[in-house]
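Novice: These protein sequence lines map, in sequence, to chains L and X. Okay, so the first sequence: first residue is 120 according to our numbering, each after it adds one. Okay, so the second sequence: first residue is 120 according to our numbering, each after it adds one.
The hints are simulated quantities; they were obtained by calculation from the structure and are not laboratory data. It should be emphasised that the depicted structure is a prediction, and the values quoted were computed from it without experimental measurement. In this text, a Cβ means the ideal position worked out from N, Cα and C, and glycines have one as well. Hints are supplied without guarantee of correctness; some may be wrong.
Said to hold, decoys possible - The following label-pair restraints were derived from C-beta to C-beta distances:
(1) X:L143 with L:S260: 12 to 22 Å
(2) L:A336 with X:L143: 20 to 30 Å
(3) X:S195 with L:K365: 19 to 29 Å
(4) L:A336 with X:K244: 16 to 26 Å
(5) L:K365 with X:N165: 51 to 61 Å
(6) L:N369 with X:S195: 13 to 23 Å
(7) X:T310 with L:K151: 37 to 47 Å
(8) X:E356 with L:N369: 45 to 55 Å
(9) L:K248 with X:N208: 53 to 63 Å
(10) X:N125 with L:N313: 24 to 34 Å
2 protein chains.
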Amino acid sequence: MALISNIENISIIGSGNVAEALGLAFTDIGVKINDVYSQNLDNAKNLGKLLSCSGTNNISDINKNSHLYLIAISDSHVQFIANQLTDFNGIIAHTSGSQPLSVLSSNKLNYGVFYPLQTFTKANKPDIKKVPICIEANNKSTFDKLYFLASQISNTVVDINSYQRLKLHLSAVIVNNFSNLLYSVAHDLLTEQNIDFSLLLPLINETASKLNTTKPAEAQTGPARRNDRSTIKTHNELLENYPELKEIYNMLTNHIIRKYHE
Amino acid sequence: MALISNIENISIIGSGNVAEALGLAFTDIGVKINDVYSQNLDNAKNLGKLLSCSGTNNISDINKNSHLYLIAISDSHVQFIANQLTDFNGIIAHTSGSQPLSVLSSNKLNYGVFYPLQTFTKANKPDIKKVPICIEANNKSTFDKLYFLASQISNTVVDINSYQRLKLHLSAVIVNNFSNLLYSVAHDLLTEQNIDFSLLLPLINETASKLNTTKPAEAQTGPARRNDRSTIKTHNELLENYPELKEIYNMLTNHIIRKYHE
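My request is simple: use the sequences and hints to build the entire structure.
Specialist: And the structure:
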């Protein structure tokens, strides 16, 4: 049995928030970043500077001997870029929640997925140690290498196949994107009344942190949970001039009522 | 001008989570709880024991000389109970987000609202210091007394009228009840696939805590925000067997697309 060598150096394909967060995490544990590739040369060079390496917008300039080529770009471009990375011997892995492992299969020996389950933005840098990383690969030795790399930067590393990852990504969209939309709607409602949105922050944080001890189905409260038709009617009256929001309100309210009262 | 005396003792009407949380907060600052009233005698006595006072299910047993009668019961019963509290000279205040000040107006000289903007459950005890308390009253001296009492237990006390409070309550339903429903839906989707829901907790917490520094409209990310029709189509296929959830997914997705792309 061959000894599995660790991933000691990486080429990063992409220069966005995920590329930056992972790049910094890797340099922190002493893994060398060989170079950064981006279609936009300035972005490649800027992230390269941050990671003490070169930046390029030319695929043929990417180091041929990297142990790992990590693709951290928009979901919809992963396959297109992967198909151009043909001359390399290292592992190719993408970081996308919605793309299956198979988008990397053309002409590659060793490929995998390295999906950090978190939202990364320029303004907010989550502690990578607390970000679950989901690993998948086309063979055991590649899986083991990616898993070991992930376990050096995060406390939570999990074996997740493509179908599970897709459901996880859908769930992430539901809890992150949709909750954030609800926050946004509430923000607009309050701002109109000159009420400071920050009054809601303790409630929003409590709603989230309650999940550490309570299943969400058990934590459900409110007018719909109580089937309190009078309050629901009052809320509908308040939303008379917001037809779209009223539709959302009633759809979610009816969903809760059906779940708990039918 | 008469000197405004502070509220030094309180009768609590109700024995639920809000009654308990506020009762404990008042005893912590040395305000005496005279008694607890509840329709259910056991509940009244149990909370009375916790607050070192008597418990009763008989309105005529309630102390006639309390400085404050605090009604912390279901929104829909506030007016009914208030109409029975006729023999008392102290301030009458309710703790409901959805009920206007005017439900207390019959035969009362001094009345107000003392609304803590938080979700209280048996299992989770939020730090009351961080809970915003919204005050309203029918005259200035009552307002001042309630405001001073609130400021002894919370760091955030605000002057909110009945219409604003109703919008705030609606917003609280949106960010708390509806977000929690989304968490619940994600929980069910993942559990079916044997994926641990706790993998989502860092993302959920980040989504909430991001609001400390970023407006929700600016924090919006995801397939709908990017108008990524391919991922949205994939998610729809995944939800083929969940017609109700699919409807929620598409309504919220379309709302985001319209907001950012039309």
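Novice: Indicate, hint by hint, whether the structure satisfies it.
Specialist: Against the structure, the hints:
1. The hinted range of 12 to 22 Å is not satisfied by L143 of chain X and S260 of chain L, whose Cβ atoms lie roughly 58 Å apart.
2. Taking the beta carbon of each, A336 of chain L and L143 of chain X are about 27 Å apart, inside 20 to 30 Å as hinted.
3. For S195 of chain X and K365 of chain L, the Cβ-Cβ distance of about 22 Å falls inside the hinted range of 19 to 29 Å, so the restraint holds.
4. Against the hinted window of 16 to 26 Å, the Cβ-Cβ separation of A336 of chain L and K244 of chain X comes to about 21 Å, which satisfies the hint.
5. Taking 51 to 61 Å as the suggested C-beta distance range, the pair K365 of chain L and N165 of chain X does not conform, at roughly 41 Å.
6. Distance hint check: the CB atoms of N369 of chain L and S195 of chain X are about 19 Å apart, consistent with the given range 13 to 23 Å.
7. Separation of T310 of chain X from K151 of chain L is about 41 Å and conforms to the stated range, judged on CB atoms against 37 to 47 Å.
8. In this structure the supplied range 45 to 55 Å is violated for E356 of chain X paired with N369 of chain L, their Cβ-Cβ distance being about 26 Å.
9. Restraint check, K248 of chain L to N208 of chain X: a C-beta distance of roughly 59 Å satisfies the suggested window 53 to 63 Å.
10. Here the CB-CB span from N125 of chain X to N313 of chain L is close to 30 Å, well matched to the stated 24 to 34 Å.
Violated hints for the displayed structure, listed by number in ascending order: 1, 5, 8.
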